[in-house]
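*Asks:* Chain by chain, the residues:
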Amino acid sequence: MKGYLVLRVIAKLVIPFALLFALYVQFHGDFGPGGGFQAGVIIAAGVIFYALIFGLANARKLVPPRLVEILVALGVVIYGGVGVLGILLGGNYLDYFVLSSDPVHGQERGVFWVEAGVCVTVAGVMLAIFYAFAGRPRRPDPE
Amino acid sequence: MNVVFHFNYWVAMVLLTIGLYIVIARGNLVKKLVGLSIFQTSVYLLYISAGKIIGGTPPIIAEGFTIYSNPLPHVLILTAIVVGVATLALGLALVVRIQEAYGTIEEDEIQRQDEEP
Amino acid sequence: MIAIHFPALQVVVPLLAAPLCVIVRNARAAWLIALAVSWAMLYVATGLLAEALSAGVISYRLGSWAPPWGIEYRVDPVNGLLLVLVSFVGAVVMTFSRASVDHEVPRSQHHLFYAAYLLCLSGLLGIAVTGDAFNIFVFLEISSLATYILIAMGRDRRALTASYQYLIMGTIGATFIVIGIGLLYLMTGTLNLADLAQRVPQVEHTRPVLAALAFLTVGISLKLALFPLHLWLPNAYAYAPSMVTAFVAATATKVAVYLLLRFFFTVFGASFVLEQVQVPAILLVLSLAAMFVASTVAIYQDDLKRMLAYSSVAQIGYITLGVSTASATGLTATLVHLLNHGVTKGALFLLLGCMALRVDRVTIASIRGIGRTMPLTTFGVVLGGFSLIGVPTTVGFVSKWYLVLAALERGWWWLAVLILLSSLLAVVYMWRVVEAAYFKEPAPRARKVTEAPLSMLLPAWALVAACIYFGLDTRLTVGVATQAAQLLMGGTP
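Those protein sequence lines, which keep their order, are chains A, B and C. Throughout the first sequence, residue numbering follows this note's numbering, covering 1 to 143 in sequence. Throughout the second sequence, residue numbering follows this note's numbering, covering 1 to 117 in sequence. Throughout the third sequence, residue numbering follows this note's numbering, covering 1 to 493 in sequence.
One thing to keep in mind: the hints can contain errors.
Here are the simulated SDA-like cross-link-like pairs (lysine to any residue), alpha carbons at most 20 Å apart as the crow flies [to be verified]:
hint: 1; chain 1: B; residue 1: K52; chain 2: C; residue 2: Y300
hint: 2; chain 1: B; residue 1: K31; chain 2: A; residue 2: F133
hint: 3; chain 1: C; residue 1: K448; chain 2: C; residue 2: L376
hint: 4; chain 1: C; residue 1: K440; chain 2: C; residue 2: Y300
hint: 5; chain 1: B; residue 1: K52; chain 2: C; residue 2: R432
hint: 6; chain 1: A; residue 1: K12; chain 2: A; residue 2: F27
hint: 7; chain 1: B; residue 1: K52; chain 2: A; residue 2: P33
hint: 8; chain 1: B; residue 1: K31; chain 2: B; residue 2: D108
hint: 9; chain 1: B; residue 1: K31; chain 2: C; residue 2: M169
hint: 10; chain 1: B; residue 1: K52; chain 2: C; residue 2: L186
hint: 11; chain 1: C; residue 1: K448; chain 2: C; residue 2: I389
hint: 12; chain 1: B; residue 1: K52; chain 2: C; residue 2: G189
hint: 13; chain 1: C; residue 1: K440; chain 2: C; residue 2: Q301
hint: 14; chain 1: B; residue 1: K52; chain 2: B; residue 2: N70
hint: 15; chain 1: B; residue 1: K52; chain 2: B; residue 2: K31
hint: 16; chain 1: C; residue 1: K448; chain 2: C; residue 2: V391
hint: 17; chain 1: B; residue 1: K31; chain 2: B; residue 2: E100
hint: 18; chain 1: B; residue 1: K52; chain 2: A; residue 2: G32
hint: 19; chain 1: A; residue 1: K61; chain 2: A; residue 2: G106
None of these hints come from the bench; they were simulated from the model.
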């Protein structure tokens, strides 16, 4: 769809705001609707939008599949790492109370990092699914 | 009336039956996955509608509100939705591979091809 | 110090090792990670079982939230036994896997293959260790999704359709389980299994609870491949990579059986399920049907993996038969057979993996005369077959002995006769293998093959040795199983 000038201009305008909005949703998750899940999907949607307009090859240059693979794994490691940190600091697995001297603040900190992990993995998984399906060589119908 | 009072369960069970029927009755692998998704969605309804209490507010302590809806089913179903998405993605990926290997996604044709050699 | 975190580590270590495999993206490194984690998990599991046997129930609070609000991991002798079985099979299969996976899976996918295996291990261990009903569903799906991937990695294109079929059936099963759990949650307001056990009796004759029992029974039966819900199993086992077949056959259905026991005896209570609702009557009929129909079908299979898959369905019949006798002896038989069949089938599928390395597709035709060229492998298959039949001095004999005891205890002598008769069917299908391997003229390909490498033979023979050892020395298996069975019949988690 590279030939459509309007689409290209609009896409270039919208994508940065989409990514920014994802960050808003991510960090506003403490106070209202939002969180890592939604943020991750919005980030992925931004990249997928880019891929639709500028082509899959360009999107792969922007976010290489190898990076996507690492993102998927990294988010899980962050999430699990927060849990293991709880053990190292003397609590149970996924214990956020010990993450800070103030238990309430500890909860907040724990959830923050967990949400960060969720965001990274969800964005990665969504892109991985998109790449996997979109990147398949299309074959002519047998009929 | 009991039936009307429990209409949310009726909706869930009707969806469940529709989904299961599609899975059983359709030979097209993609349509089967659609049925499977509807089938799973019925469970989301079952959980979430039960978490709502008439007149209840979101579970945030504030003055003047004493009835709260139960947030736990939402959290549970968020997990179930993720599982559903993962299942659907994996199922579709398998269908793509099957299409590449067999050249068809109709169950009876795949069976015929398997029996041939 | 670290030992108090064992319940969490049991699940978390493989869960975190899986993304690590993806990040390192190297076949050898991923294999080493998976191998190290598998053996570490065996160490953790034996530690947990030993502590559960001596100190009673171990409870671990995730995130330090007190149960029943927070998620609780709870280990007692019943699931301790399961943890040891799953991690033991995992460790042995992982040791075996390198040469086999090199042969059957494209090298570029190895790191993902091992990551999926670790996720599957994590899910299975999670189902066993958790004390929270919804958590069970989540782990069930983690392990199932990983299993679908592993099965689809088989070389034959039929692996894809087998995996798809399993995905459909498995998801229906899992969804039924969630519906059951949801109905229980609606009636009691709790998801903690121990808490459910206390609250369910107050509402046990309401219709939603009965519906929950029905949904859970059908859902779990799909997962454990109880006849006639076993249709996904033969193809899935037959076309998956050898290592996957061995691992899944030895663990996945066993964990599902554990779930059935957990819900029947801990949550609903023995008296409710066994006496008031008459579940045993249904189980009895289905188990007998599984034993005879699946064994008979197994006789007519030419593909050895498929034959053993049908034999698995039959053996699952024996496992559920123990439940249907509704006695402590019967439950002991169930638990012992759970372990024994896990070890036996693990051994047999690993040995078939050795053969597959040399002849690719292991069929009655392709293994003709292989007893001369692969003597160790073939002899192992024979010993494993003895165990399936239930020849004395093998583990199969021990569990059938307890089954017959349970039948006689109830005065059902006809059941004892049927158990013995169905064992004869196992003699028939195993004899076909022996006949082909030893008494037929070698197939052109089987004449040239050499014995499988030691890295594969040793783990496979370790499981065969376990079949014999636990057949002679039953103190460990039967001892623990008796204790676990009494715990289940007592109803307290």
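*Asks:* Now look at each hint and say whether the structure bears it out.
*Replies:* Tested hints:
1. B:K52 <-> C:Y300: violated (55 Å)
2. B:K31 <-> A:F133: At roughly 18 Å apart (the allowed maximum being 20 Å), A:F133 and B:K31 satisfy the hint.
3. C:K448 <-> C:L376: Since the Cα atoms of C:K448 and C:L376 sit roughly 16 Å apart, the hinted pair holds (cutoff 20 Å).
4. C:K440 <-> C:Y300: holds (18 Å)
5. B:K52 <-> C:R432: violated (61 Å)
6. A:K12 <-> A:F27: violated (24 Å)
7. B:K52 <-> A:P33: holds (17 Å)
8. B:K31 <-> B:D108: With a Cα-Cα distance of about 14 Å, the restraint between B:K31 and B:D108 holds, given a limit of 20 Å.
9. B:K31 <-> C:M169: holds (15 Å)
10. B:K52 <-> C:L186: Since the Cα atoms of B:K52 and C:L186 sit roughly 12 Å apart, the hinted pair holds (cutoff 20 Å).
11. C:K448 <-> C:I389: Outside the cut-off at roughly 31 Å; violated.
12. B:K52 <-> C:G189: holds (13 Å)
13. C:K440 <-> C:Q301: Within the cut-off at roughly 18 Å; holds.
14. B:K52 <-> B:N70: Status holds; Cα separation ~6 Å.
15. B:K52 <-> B:K31: Since the Cα atoms of B:K52 and B:K31 sit roughly 32 Å apart, the hinted pair is violated (cutoff 20 Å).
16. C:K448 <-> C:V391: violated (33 Å)
17. B:K31 <-> B:E100: holds (18 Å)
18. B:K52 <-> A:G32: Within the cut-off at roughly 19 Å; holds.
19. A:K61 <-> A:G106: With a Cα-Cα distance of about 39 Å, the restraint between A:K61 and A:G106 is violated, given a limit of 20 Å.
Checked against the numbered hints given earlier, the structure breaks hints 1, 5, 6, 11, 15, 16 and 19 and satisfies all the rest.
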